[in-house]
Every structure is written in C-alpha cells, then in structure tokens.
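Order-wise, the sequence lines are chains A and B.
Going by the working numbering, the first sequence opens with residue 62, and the numbers climb by one from there.
Going by the working numbering, the second sequence opens with residue 62, and the numbers climb by one from there.
Simulated from the structure, these hints should not be mistaken for laboratory data.
The reader is advised that the hints may include incorrect statements.
For chains that are exact copies, the list does not tell them apart, and a pair is met inside one copy or across any two.
As a list, the in silico DMTMM-like pairs of lysine to aspartate or glutamate whose alpha-carbon atoms are at most 25 Å apart [what the hints assert, rightly or not]:
(1) K138 x E216
(2) K138 x E194
(3) K392 x E225
(4) K198 x D85
(5) K543 x E533
(6) K205 x D265
(7) K198 x D95
(8) K392 x D277
(9) K338 x D91
(10) K127 x D244
(11) K518 x D265
(12) K127 x D399
(13) K138 x E69
(14) K392 x D641
(15) K392 x E240
(16) K138 x D231
The primary structure of each chain is shown beneath.
There are 2 protein chains.
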Amino acid sequence: MYRAPVDEIAFTLKDVAGLRRALDEGRLGDLSVDLVDAILAEAGRFATEEVAPLGTVGDRNGPVLKDGAVTTTPGWKDLYRRWAEGGWNSLTGPEEFGGQGLPTMLSVATLEMWNSAAMAFALCPTLTMGAVEALDKHATDALKRTYLPKLVSGEWTGTMNLTEPQAGSDLNALRARAERAADGTYRIFGQKIFITYGEQDFSDNIVHLVLARLPDAPAGTRGISLFLVPKLLVDADGTPGRRNDVFCASLEHKLGIHGSPTCTMIFGDGFVAGEEKGAVGWLVGEENRGLACMFTMMNNARLAIGLEGVGIAEAAFQKALAFANERRQGKASGWSGDGMAPIVHHPDVQRMLLTMQAHTRIARSISFCCAHALDMARVSEGGEKIHWQERANLLTPVAKAYSTDIGSEVASLGIQVHGGMGFVEETGAAALYRDARIASIYEGTNGIQAIDLVTRKLPQSDGAHVHGYIAELAATVAAFGKSGIDGAAAAAARLDQSIEDLTAATRHLQSMLAAGETDRALAGATPYLRLFALAAGGACLARAALADPSPQRVALCRFFAENMAGDTVSLRGQVVGGADGLLAAGRHLVAG
Amino acid sequence: MYRAPVDEIAFTLKDVAGLRRALDEGRLGDLSVDLVDAILAEAGRFATEEVAPLGTVGDRNGPVLKDGAVTTTPGWKDLYRRWAEGGWNSLTGPEEFGGQGLPTMLSVATLEMWNSAAMAFALCPTLTMGAVEALDKHATDALKRTYLPKLVSGEWTGTMNLTEPQAGSDLNALRARAERAADGTYRIFGQKIFITYGEQDFSDNIVHLVLARLPDAPAGTRGISLFLVPKLLVDADGTPGRRNDVFCASLEHKLGIHGSPTCTMIFGDGFVAGEEKGAVGWLVGEENRGLACMFTMMNNARLAIGLEGVGIAEAAFQKALAFANERRQGKASGWSGDGMAPIVHHPDVQRMLLTMQAHTRIARSISFCCAHALDMARVSEGGEKIHWQERANLLTPVAKAYSTDIGSEVASLGIQVHGGMGFVEETGAAALYRDARIASIYEGTNGIQAIDLVTRKLPQSDGAHVHGYIAELAATVAAFGKSGIDGAAAAAARLDQSIEDLTAATRHLQSMLAAGETDRALAGATPYLRLFALAAGGACLARAALADPSPQRVALCRFFAENMAGDTVSLRGQVVGGADGLLAAGRHLVAG
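Sequences are here, hints too, so could you generate the full structure?
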C-alpha cells in the first residue's frame with residue numbers, strides 16, 4: 062500500500078528545487094520551513110490513510126450514468142467532501158476569495174500525493190484549480206464574486222471543454238457555437254468530448270469553461286471565445302437554481318482512470334423542457350480571445366499532469382520495491398539467508414528498481430523546479446520576473462512530457478518486477494500501468510509538448526535563456542565533480558557529457574529554426590525533449606547528492622551516470638543527424 | 062481491421078531468414094516456393110477474414126467458469142473447430158501421427174498471423190504445439206499412439222502445468238507431488254496457477270503436462286518428473302471416458318488476453334466422488350528427469366511467444382498507420398490538400414510510425430531466422446547440425462525477449478498515434494497494449510531470457526559461435542555498404558558501429574564469465590540483449606534492402622541507422638561500465 066514519501070518530497074522541494082533558499086531570503090512572505098513541513102505531513106497522512114484505500118475501489122467500480130446523472134465510485138463523494146473541508150482545494154487559491162494563497166510548490170507537492178493515492182480522484186480538483194486560475198485572471202468581477210469562492214473552497218468543481226470529435230490537438234477546427242443574447246449573456250450550442258468530470262455527484266454545481274465560436278468570428282483560432290457555463294444557473298443570492306441546458310450524454314469506456322467520468326457533453330440541445338434553447342453562458346475575457354485565456358489554464362494544467370506521471374511512478378516504485386523484498390525466487394550471491402533469495406538481490410531486478418527510482422526522482426525534481434519558477438515569477442518584478450517566467454515556460458513541456466512518459470515506463474517496469482502477479486489485476490501494478498497511459502496524451506500530447514519546447518521555448522530571449530539554464534546545470538555538475546565525494550568525479554564526467562550533448566542539440570535546433578528548416582527541427586523534437594530531461598536529471602541527482610551526500614544518494618547518482626545518462630549520446634545523434642532520413646522514410650507512409 | 066501482411070511475411074521468410082536458399086538447395090524435401098506461397102495466402106485469408114473479426118469479441122466477453130466448466134467467448138469454439146479442420150494445428154506435427162511435417166518457418170509465419178488477429182485465441186494451439194513436441198520426443202510409444210493423433214489434429218488440446226504460488230521462475234521450489242500406483246500409473250496431487258486454457262470448451266479432452274515430485278525424489282530441480290494427466294481418462298479404444306481428478310478452481314482477472322482462460326488447477330483433491338484420490342497420470346520420460354523434457358517444450362514455446370510480440374506489433378502498426386492516414390489535425394509542410402493535414406504528414410507522427418515499423422520488421426526477421434536455424438538443425442548432421450542448433454539456441458532468447466518488449470513498445474506508440482482515441486477501448490489500440498504486456502513475463506521473464514543469453518548461449522562452442530554470428534552480420538552490412546545503393550554507404554557505417562558495440566560487449570561479458578564475475582555479467586544482461594537485437598536488426602534491414610532495393614526498404618534501413626541504431630553506444634556503455642555502479646546502488650534497495 063502507498064505511503065506518501067513526505068521526507069523525500071520535502072527534501073526535493075527545499076534542497077533540489079530551491080524552496081529553502083527562497084524561504085531563507087524571505088521571498089515567500091511569512092511562509093516558514095515549519096509550516097511547509099506541517100502541511101506536507103498532514104497531506105501525507107490524508108493521502109496515505111484516506112485517499113489510497115479508496116483508489117482501487119475506483120478502478121473496479123467506476124462512475125455510472127443514468128438519466129443524465131452520474132453516480133461516482135462508492136465512498137468517493139464523501140472522500141471528496143472531507144478532502145475539500147481539509148482545505149486541500151483552497152491551498153493555492155486567491156486569498157481574496159477564501160484561498161490560502163500558498164506557493165505553487167506546495168500545490169504540486171500535495172498533488173503528487175493525491176495522484177499516487179488515486180489519480181482518477183485527483184483529476185477532479187486538478188481541473189477545478191485550472192478553472193480558478195482562468196477565472197481569477199480573465200473573468201469580470203461579477204463572475205469572480207459569484208463563482209470563485211465556491212470553486213476555491215471546492216464546494217463546486219470546474220471543467221475544461223475544448224475537444225470536439227474533429228478538433229483535438231488542432232483547435233482551429235472547433236465548431237461549438239455561441240450566440241449573443243439580449244441580456245448580455247450567451248447561448249452555447251455544440252458537442253464536447255473527453256470532458257473529465259463533466260458530470261459527477263461530488264458537488265452541488267459544476268462550472269464548465271467552454272470554447273465556442275461567435276457567429277461573426279473569424280476562422281481559425283483567432284475566432285474562439287471562452288464561456289463560463291454552469292450546470293445550475295446561480296440565483297442573485299448565489300444559490301444554484303434551475304438546470305442549464307448542458308447534459309452528459311455518455312461516458313467513455315477507457316483503458317484506465319476508471320474512477321473518473323469522461324463525458325460527452327451536449328450544450329443547447331433543448332433537454333430542458335419549456336426553456337429557451339441553448340446553454341446559458343457568460344463570456345470570460347474578450348470575445349475571440351478565448352484561446353489565450355484557455356492557455357493560462359492549460360500551462361499550469363500541463364505541469365499538473367506532469368505530477369500525475371510522478372505520482373504514478375512513485376506508487377509503482379513503492380509497490381515493486383516492497384514486492385521485491387518479499388518475493389523469494391532463486392539464489393543470489395548477495396543473499397546468505399535460508400532458502401530462496403528475496404528477488405531484490407538479483408542484479409537484473411536491481412536494475413529495474415534503480416531505473417524506476419532514478420526516473421521518479423528526476424521527474425519530481427524537474428516538476429518542482431518548474432513550480433519554483435512559477436512561484437518566483439509571481440514574487441519578482443522586471444527582468445527577474447521575465448527570467449523566472451521564461452524558466453517556467455521552458456520547464457513546463459519537459460515536466461509534462463518526460464514525467465508522463467516515465468510514468469508509463471516505470472509502471473511497466475513495476476509490472477515486470479512482479480512477474481506473473483503483475484499481470485493479474487489484484488496486485489494493482491496493472492492498474493497503475495493503465496492509469497498512467499493517458500497522461501502522455503491529454504493536455505497536449507507529448508509530441509506537442511516537444512514541439513512547444515523546440516519552437517516556442519528555445520527561442521526565448523533570443524535563444525539565450527536555455528543556454529543560461531544549461532550553464533546552471535553544468536555548474537551543478539562541476540560542483541559535484543569537485544566535491545571530494547567518493548566516486549563523484551567519475552560520475553560528474555559522464556553527466557557533463559550529457560550536458561555537452563544537450564548544448565550541441567540545442568544549438569543545432571536553434572540554427573535549424575533560424576534557417577527556416579522547421580520540419581527538420583520538428584523531426585528532432587521528441588528525442589530532444591528526452592535528452593533535455595536526462596541532462597537536467599543528472600544535474601538534479603547531483604544537486605541532491607551535494608545537499609545530502611548519503612551513500613544512497615551518491616550511489617543512485619552514479620548508477621544514473623553509468624547506466625542511464627549515456628542515452629543522451631544517441632538522442633543527440635537523432636536530433637542532429639536523424640531528420641533527413643526520417644523525412645525521407647516518412648514519405649513512404651502516406652497512403653495512395 | 063487487421064489484414065495479414067502475406068507478402069511481407071513471405072519476403073522475410075525467403076529473402077531475409079534463408080528459406081529461399083534452403084529450398085533452392087533442396088534441403089527441405091519436396092517443399093516448393095509455390096506451396097509456401099499457397100499456405101501463407103490461405104493462412105492470411107483465414108486470419109484476416111475469420112479470426113480477426115472475433116478477436117475483439119474475446120477481449121470484451123472473456124470465458125466464464127461455472128461448476129468447474131469454462132464457457133469461452135461466443136463464437137470461439139466454432140472458430141477453433143474450423144481452424145483445426147483447416148489443418149492449421151497439424152502444420153508442423155509429426156507425419157507419423159497425422160501431421161504435415163512442414164518446417165518450423167511455416168509454423169512461426171502462420172503463428173504471427175493468428176497472434177495479430179487474436180492473441181488470446183492463438184495461445185491455445187501454441188500450447189498444444191508444445192505438448193505435441195514434448196510427447197513426440199519423450200513419451201512412450203503407447204502414450205504417443207493414444208494422445209498424439211488427437212493433439213496433432215487439434216481435436217484435443219495441450220497445457221503446461223509448471224507454476225505454483227511459491228514456484229514461478231524458480232522451479233526448485235515446486236511442491237506438487239506424484240505417487241506411484243500399483244498399475245504403473247501415478248497419482249498427482251497439488252495446485253498449479255496461471256494455467257493457460259487449463260479448462261475450455263474447444264475440445265472434448267485436454268491433455269495436461271504436469272511437473273511434480275515423487276516421494277523419494279531428490280530436492281531441487283533434479284527431483285522433478287513430468288506427467289501426462291488427461292482431463293478425461295481415455296478408454297482402451299481411444300475414447301475419452303470418465304472424469305479425471307483435475308479441476309479448474311478459478312480464473313484470473315487479467316490486464317489483457319481476456320479471451321483466454323487463465324486457470325488455477327487442482328490435482329487430486331477428490332472432486333470425483335467415489336473414486337480413489339489423486340489425478341491419474343502417466344510418466345513422460347524418466348523419473349526425476351522431467352525438467353529436461355519440459356525444456357524441450359519451453360524452448361520452442363519461447364520462440365512462439367516471440368511471435369506474439371511480432372503479431373501484436375504488426376497489428377498495432379497497421380492500426381496506427383491507417384488512423385494516421387485518415388485523421389486530420391493541423392497543418393503540415395508535406396500536405397498541399399484542402400483543410401487539415403492527415404497526421405501522417407507530421408514529422409513526429411512519422412517518427413512514431415517508422416519506429417514501430419522498424420521494430421516490427423526486425424523482430425519478425427530475428428524470429429524467422431531462429432525458426433530457420435531449427436529447421437536446418439533438423440535436416441543436418443554432425444558439425445552442421447551443431448552449428449544450426451547453437452544458432453537456434455543463441456537466437457531463441459533474443460527472439461522471445463526483444464520481440465515481446467517491442468510488442469509493448471509498439472503497441473504504446475500505437476496508442477500515442479491515436480491520441481485520445483487510443484485511450485478509449487473502442488479503437489482496439491488499448492487492447493493490443495494490454496494483451497502485449499504478458500508476453501514479456503511468461504515462458505521465462507525477459508530478464509531470465511537475458512541471463513540465459515549471457516550465461517548459456519555466449520559460452521557455446523567455447524565462445525566461438527556468437528562471434529561467427531556477429532561476423533555474418535558484419536558481412537551483410539559490408540555488402541550493403543558496397544552495394545552502390547544510394548545512401549547505403551552512410552547507413553552501413555552506422556550499422557557497423559553497432560556491430561562493433563556488440564563485439565565489444567560480447568567480449569566483455571565472456572571475460573567476466575571466465576573470471577567468475579557472474580554478478581557483473583548478470584548486471585549487464587538486459588542491456589546486452591537489447592544491444593544484440595539492435596545490431597542484428599540493422600543487418601536484417603540491410604539484408605532486406607539488398608534483396609529488394611526499393612526506395613521504401615532503403616529508406617527504412619537509413620531511418621533505423623540514423624535514429625535507432627545509435628542506442629547501441631549507450632547499451633554497450635551499460636554492459637561494459639555499468640555493473641559496479643548498479644551493484645553498489647542495488648544494496649540500498651534491500652529492506653531493513
């Protein structure tokens with residue numbers, strides 16, 4: 062059973078991702094190390110004792126749709142209420158509307174725990190958080206006053222309604238339409254698919270954020286507006302009243318995250334008898350500027366999805382490590398006890414577990430560093446603010462894509478450590494594997510994250526920001542190499558090679574973009590993102606070993622340097638030398 | 062929907078794996094190219110038209126156990142009968158007992174198709190095939206006469222009963238017991254788990270091959286005997302009669318292969334009222350030599366499991382390619398048509414599809430080469446026989462582990478190409494991902510395959526056999542490099558680097574083994590197996606491009622060389638330089 066790794070999370074926040082320095086420098090108001098520790102401890106307790114036991118229930122007893130209403134997994138409605146009452150939903154919410162205004166670092170740290178304990182459950186507040194942010198930034202004061210207090214407290218939840226059957230990655234193709242009503246509101250019509258928690262019984266009301274086109278909107282993404290469409294229309298006194306014309310038509314049958322309802326939502330199909338047609342909506346931000354508003358929400362959602370990868374990886378690692386220490390098969394030279402050896406003594410099993418552990422810690426570190434950058438951007442001004450915002454921009458696609466890719470890889474290794482027991486559902490290793498798989502797809506596929514990294518993030522500050530980041534990685538690795546820690550010099554030399562690979566690949570892609578060779582840059586995007594994560598990851602493990610030079614941390618860093626960091630050589634080769642062959646062979650895939 | 066790639070399979074058999082030369086040299090009796098083509102065409106038709114449409118039905122409507130009897134997926138019983146009547150079960154069976162005595166190459170080629178169409182269905186005859194082989198090699202003439210004709214025709218099916226709760230990878234721990242009866246038969250007692258098709262309604266009778274210990278047997282694997290235990294005892298005239306005391310107690314709830322019943326089997330628990338206790342069994346081979354008999358069966362089963370990986374990968378590639386040519390999202394420079402581009406035009410999607418295609422073709426090639434070696438060993442004598450047997454031994458763990466690993470990887474990429482549609486079960490991409498996962502586990506986990514490759518196969522012929530194989534790979538790549546085919550020289554140079562990496566890693570492991578540094582060799586086993594497959598794979602793609610220098614084949618070989626073969630550098634680094642760090646870090650994983 063999952064136990065929240067509170068100490069490791071606290072260590073990573075403070076000593077790898079920069080929270081300790083920010084606190085020491087007084088950058089985060091009156092937040093103290095003691096308060097951080099207290100919050101993490103209580104979150105760890107709640108995740109371990111209250112959420113985790115109900116996680117598997119959701120996998121086996123998913124939500125049921127009947128007459129337009131969704132009944133969620135037994136116990137989850139009550140769990141959600143206790144969770145929200147515990148203040149976990151309001152952690153980072155704006156103080157003006159009842160939130161605690163704490164840093165994003167605490168939000169991602171606790172989010173990791175909820176995701177480890179029950180990713181399908183954690184999805185609901187993840188979306189609410191995005192809605193809070195979008196409304197706080199872009200909605201009118203009247204909308205904020207009506208909706209934000211309830212969304213911040215978690216009494217109501219939020220959803221994102223983007224995808225339509227023909228419009229997934231490409232929102233240009235969006236068809237949902239909005240009409241202006243005489244009273245300044247709008248009427249929304251159309252179908253949205255894959256809407257997570259589009260309908261549920263956790264809360265009295267659901268606040269849908271919906272992308273749609275006005276009749277006179279220009280074509281493409283510059284003609285999309287964002288609307289707030291509540292499930293229940295809210296009376297003047299703030300009470301949810303009559304039913305709006307938005308309904309859940311069906312639930313998807315999915316590979317994983319069975320506990321979360323994935324809804325097809327129908328807007329304005331006249332389900333509400335006797336009412337004017339159309340779902341009543343309110344404009345958020347300006348007309349035709351909805352995509353910009355949605356991107357606010359999506360960027361932070363991307364980091365949040367990265368934490369799904371971290372959470373699954375941590376849960377899978379814990380499960381596999383416990384099994385490997387219990388299960389006995391065969392002989393092993395490291396085992397002198399009676400009978401068969403616990404399989405943790407077999408070198409091949411150790412390779413799997415160490416690979417899982419290294420990936421998990423790196424993904425956590427990169428994600429927390431990204432959150433730190435967001436926090437620093439919020440409390441900075443001028444050039445410093447730009448610096449931290451660019452840092453967050455740079456790390457967001459890496460945190461999302463790498464963490465979710467390794468979420469699946471680590472969960473797969475977790476199955477493998479379990480052998481045949483991993484393939485039967487009762488151990489729970491398979492459920493983690495099924496749950497993890499979606500995170501590489503939604504909130505922008507990992508291919509799109511890689512394209513975002515290459516085409517939008519490498520050019521930041523005329524290409525200088527990324528090289529500044531790489532120089533920081535190199536400095537960390539150099540400090541580790543000179544630390545005098547046993548074995549550090551050799552490990553640092555290998556990690557430094559990865560940083561050199563990252564530098565060369567970065568320069569190559571920047572020169573391709575500068576030359577207008579977009580396709581050749583795009584061809585290398587996915588291997589580049591992985592290379593970026595591994596080079597950064599080596600520096601993260603080195604920083605951890607510098608802060609805490611325990612034999613375990615130093616050994617893990619060395620293992621990574623000798624057994625995982627070498628991949629950057631071939632990844633660099635793909636980025637720098639693989640594009641032409643890819644594009645030439647790719648033509649033969651086109652039908653006809 | 063899957064369409065059997067009959068032409069590609071025929072090409073790989075003949076021009077990559079060596080069938081054409083063997084036929085030309087008359088090594089395979091009166092088998093002709095025309096007969097091979099006719100068999101493949103008819104198998105392709107049956108797999109495409111008859112098996113594939115019922116594949117998804119099995120995923121959604123798995124077998125049901127009631128009162129000890131299993132009812133399989135609707136339509137599968139009839140499908141199995143038609144399949145067996147078509148002669149597909151008897152393809153390679155011994156002619157003496159009604160088999161067609163065709164080469165293993167045809168068996169693996171058709172097995173790939175059944176696995177693509179419905180892996181859970183194909184599992185049943187895969188196990189029967191193993192039982193036929195074990196009985197043909199090790200059983201008494203009386204047992205052969207009674208059981209082989211029915212097993213060869215497919216009227217009865219076979220199972221393998223090895224695993225017990227405490228004995229998975231390590232058969233030393235086996236506890237099932239056998240007692241000698243006065244009439245020369247035995248009584249078997251015990252519980253076996255994970256027994257594929259241990260109970261079903263396809264056939265009148267089921268022939269269980271069961272490992273158990275005699276009361277006076279030595280401890281460990283030298284005290285295990287193999288028994289034949291029929292579900293129904295066979296009368297003197299060969300008719301199945303009264304029920305034997307072996308029953309299915311429960312079915313597993315699994316991640317995938319939902320169509321196949323995975324049974325817990327209870328032997329000798331007195332279910333048969335009024336009869337003497339114990340399941341009646343007959344000894345196969347000698348007492349206490351059961352493991353050797355089982356290994357005959359297991360080696361070929363390992364190759365067969367490799368074909369599951371190939372079959373899943375092919376099905377996933379076809380599905381993803383079709384989707385990528387239909388689904389439209391975004392703009393792409395290669396697309397000049399109206400509206401959004403089919404996603405096959407996006408470089409990142411091309412990378413995924415080409416990676417899938419290259420892995421699939423390599424896995425097929427290595428598996429077919431392994432089958433070719435088995436066929437040549439059967440028709441050879443003396444040193445040549447030893448050569449081919451060693452070749453088959455060498456390639457078996459690679460065919461099993463690499464093919465099944467890439468089965469999961471390719472199925473995962475297949476989901477990713479589908480985006481959100483890949484995560485919902487209706488597209489079938491997710492089912493392939495779920496089915497594929499078991500193949501890396503059963504019939505010896507892939508970690509065990511790697512250990513087998515390193516510790517048992519590298520030492521063959523005092524270490525010379527593997528270097529002879531590597532020299533053949535190098536010769537193929539050299540011929541490709543000198544072929545004058547456009548781009549071949551550059552690609553060959555990169556493939557040659559992989560072969561150099563393989564040579565270095567092989568020599569390192571051999572020297573570790575010679576020095577008694579077993580743990581350091583074992584630590585590198587898994588990366589070594591992958592390195593082996595990639596180096597061999599490059600030569601396979603080069604051989605294919607030499608035999609058919611079409612732009613598509615040459616381009617795929619170049620893509621592989623530039624974008625996939627480079628991994629051998631870091632894999633070599635792990636094998637040669639990763640062990641000490643792994644073993645040092647591994648110690649920290651041990652609890653307490």
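Report task. Measure nothing new, just compare the shortest in-copy and cross-copy C-alpha distances for K392 and E225 to 25 Å and report within, between, both or neither. Result -> between (56 Å within a copy, 18 Å between copies)
Report task. Pop the pair K392 and E240 into one bin, within, between, both or neither, using alpha-carbon distances up to 25 Å. Result -> neither (72 Å within a copy, 29 Å between copies)
Report task. With 25 Å as the alpha-carbon cut-off, assign the pair K138 and E216 to within, between, both or neither. Result -> Within one copy only: 12 Å inside, 53 Å across.
**Report entry** Homo-oligomer pair classification [D277, K392; C-alpha up to 25 Å]
**Finding:** Only across copies: K392 and D277 sit 24 Å apart there, 74 Å inside one copy, limit 25 Å.
Report task. Evaluate K138 and E69 at a C-alpha cut-off of 25 Å and name the case that applies: within, between, both or neither. Result -> neither (30 Å within a copy, 54 Å between copies)
Query raised in the report: Is it within, between, both, or neither for K518 and D265, if the alpha carbons may be no more than 25 Å apart?
Result: neither (40 Å within a copy, 65 Å between copies)
Requested in this report: Please work out whether the CA atoms of K127 and D399 approach to 25 Å or closer within one copy, between two copies, in both situations, or in neither?
Outcome: neither (57 Å within a copy, 41 Å between copies)
Query raised in the report: How do K543 and E533 come out at 25 Å by Cα distance, when the copy is not named: within, between, both, or neither?
Result: within (15 Å within a copy, 46 Å between copies)
Query raised in the report: Using 25 Å as the alpha-carbon threshold, which applies to K205 and D265: within, between, both, or neither?
Result: For K205 and D265, only the intra-copy Cα distance (18 Å) is at most 25 Å; the inter-copy one is 71 Å.
Query raised in the report: When no copy is named, should K127 and D244 be tagged within, between, both, or neither for a Cα gap of at most 25 Å?
Result: Neither way: K127 and D244 sit 34 Å apart in one copy and 64 Å across, limit 25 Å.
Query raised in the report: How do K338 and D91 come out at 25 Å by Cα distance, when the copy is not named: within, between, both, or neither?
Result: Neither: 51 Å inside a copy, 77 Å across copies.
Requested in this report: Have a look at K138 and E194 and pick one of within, between, both or neither, based on CA distance no larger than 25 Å.
Outcome: Within one copy only: 24 Å inside a chain, 57 Å across chains, cut-off 25 Å.
In terms of the numbered hints stated before, the structure departs from hints 4, 7, 9, 10, 11, 12, 13, 15 and 16, listed from lowest to highest.
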